[in-house]
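> Take a look at the letters that make up each chain.
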Amino acid sequence: MIKEIGKYFMFLGNLFVNRESFKTYYKLVLEECMNMGIGTVFLVALVSTFIGAVTTVQTAYNMVSSFIPDYVISQVVREMVILELAPTIMAVIYAGKVGSSIASGLGTMRITEQIDALEVMGINSISYLVLPKIIASILMYPLLVITAGVCALFGGYLVGTLTGIISPNDFVYGLRSSYNEFTVIFALIKSVVFAFLVASISSYKGYNTQGGALEVGVSSTQAVTSSVIAVLVADYLLAQLLLAK
Amino acid sequence: MIKIQSITKSFGERVILNEISGSFEKGKPNLIIGASGTGKSVLLKCIVGLARPDYGQVFYDGRDFYGSDSEERVEIRREMGMLFQGGALFDSKNVEQNVMFPLDVLTTMPPDEKLDRVNFCLKRVGLENVNTKMPSEISGGMKKRVGIARAIVNTPNYLFCDEPNSGLDPQTSILIDELIQDLSEDLDITTIVVTHDMNSVMGIGEKIMFLYKGLKLWEGTNKDITHSGVKELDDFVFANKVMNSLRNK
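Residue numbers (my numbering), protein chains in the order written: chain A, 270 to 514; chain B, 2 to 250.
These aren't lab readings, by the way, just hints derived from the structure by calculation. Note that the coordinates shown come from a computational prediction; the quantities given were computed from them, not determined experimentally. Ideal Cβ positions, reconstructed from N, Cα and C, are used throughout, including at glycine. It is possible that some hints are incorrect.
[What the hints assert, rightly or not] Under the rule of at most 20 Å between Cα atoms (straight-line distance), these lysine to any residue pairs were calculated in the SDA-like manner:
#	chain 1	residue 1	chain 2	residue 2
1	A	K296	B	K46
2	A	K296	B	K94
3	A	K292	B	S137
4	B	K46	A	T293
5	A	K296	B	P112
6	A	K292	B	K46
7	B	K115	A	F280
8	A	K296	B	D70
[To be verified] Where chain A lies over chain B, by a calculated footprint (3+ residues, C-beta under 8 Å):
#	region
9	83-91
10	128-142
11	178-184
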């Protein structure tokens, strides 16, 4: 375990050795942004809309006291979505879609000697292949989290108002009352950290694939598992560091 | 010229290469031959720097590869071209983009010049009008030729070929062998070919190194390979029925 973590940090250290020109990375980052962002936005929007809807229904279900005003429902939904559901649950989905794709892509390149071909050309394959993925992930994932947050709140509004759980005015009032903007900043900080963890861990797993097609599948699974564990650990550490009083 | 000295490589307890020394000359194909599992590909990986030997040195025209710092090693590597066993073409790029790749990343050549160079190299390996094809749309022999075109596009001083004939029919194999020989002579580059194909050995083996269980047992040319007096080499050479029938004549 310690050895693996050490290897991971050495892998990260190699990202910045013998880099290619800025122009080369610029193109690659744009390509990766398209793959990671545009390719994932539909799934994120769909999942987050439903999560927002379900959270609203379940919060309302738990509000048994008539002394609690209705707008508290949307207040609770807002806090849950911004603090946890949008950045963290989406990170799990992101690891499943983007992380596994990164690991299987690099794993296939490894077993078909495409990475060796880059090395023989005198190109730092880690820097060339992995750095654009990490940069693109850090750029795109916060945008996906913002999208997820908006969609979740919209889903909650839609279900809450259409089913008569809460009136539109109460829902909007709840969203606006006692709003602390730091929760959004906190969510964005988390999203940057999670984006880095998912892209770098998945790249590490894929890059170090050894064997054949079967091992590519194993690397892909390991990438998702390790990324999710890292995201959950980082989630706790960030909450402890930035929110604990 | 490439010189290797005492290259030794082990994986765990298993010694794959044991004190291999020799030199590979310019302007002709230098073959490393031997049965499967004798360490040919590992030796090639040690020479190009894809696997670091436990012990030993590799000199590229006098420049100590493993004794150099990382920047000097990159410089030497940029003088290399390599054809991999499976072609190692980039799946996401078409033929033209694959061949152009070293020029895109490693040079500041204008786009028109790059395209001319790519078309020249593709023509040189006998491929035309395939620029827009993806690697999945071309045959194994074409992939190898595209691999060779990519290897020579940046005018390398050293060309390495790992099992260039594996999986190819005899006619295409001969074409690839002839292409490697012609390129070595025309471009006056140092070429190392790893193979266990006897047709290649007899066809282009102007300088041959025979490996057996991690040891270099023999060195010579295709003219004297049939009367080397080395039992292990004879077993390898005459394992082929055609070669055996020639011996019996």
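> Please verify whether K292 of chain A and K46 of chain B have alpha carbons no more than 20 Å apart.
violated (31 Å)
> How does the coverage statement for the region 83-91 of chain B fare against chain A, requiring three or more residues with Cβ below 8 Å from a Cβ of that chain?
holds (count 7)
> Please verify the coverage claim for the region 178-184 of chain B: does it have three or more residues whose C-beta sits within 8 Å of some C-beta in chain A?
n = 0 at 8 Å, threshold three: violated.
> Going straight from one Cα to the other, do K115 of chain B and F280 of chain A come out at no more than 20 Å?
violated (33 Å)
> Between K296 of chain A and D70 of chain B, is the straight-line Cα distance small enough, at 20 Å or below?
violated (29 Å)
> Assess, step by step, whether the Cα of K296 of chain A is no farther than 20 Å from the Cα of K46 of chain B, and give holds or violated.
violated (31 Å)
> For K296 of chain A and K94 of chain B, compute the direct alpha-carbon distance and say whether it is at most 20 Å.
Between K296 of chain A and K94 of chain B the Cα gap is close to 14 Å, so the pair holds against 20 Å.
> Count the residues of the region 128-142 of chain B whose CB lies closer than 8 Å to any CB of chain A, then report whether that count reaches three.
Three-residue rule not met by the region 128-142 of chain B, so violated; n is 0.
> Assess, step by step, whether the Cα of K292 of chain A is no farther than 20 Å from the Cα of S137 of chain B, and give holds or violated.
violated (28 Å)
> Sort out whether P112 of chain B lies within 20 Å of K296 of chain A, counting only the CA atoms.
Since the Cα atoms of K296 of chain A and P112 of chain B sit roughly 16 Å apart, the hinted pair holds (cutoff 20 Å).
> Measure nothing beyond the straight line between the CA atoms of K46 of chain B and T293 of chain A; if it is 20 Å or shorter, mark the hint as holding.
violated (27 Å)
Hint compliance for this structure: hints 1, 3, 4, 6, 7, 8, 10, 11 are not met, and every other hint is.
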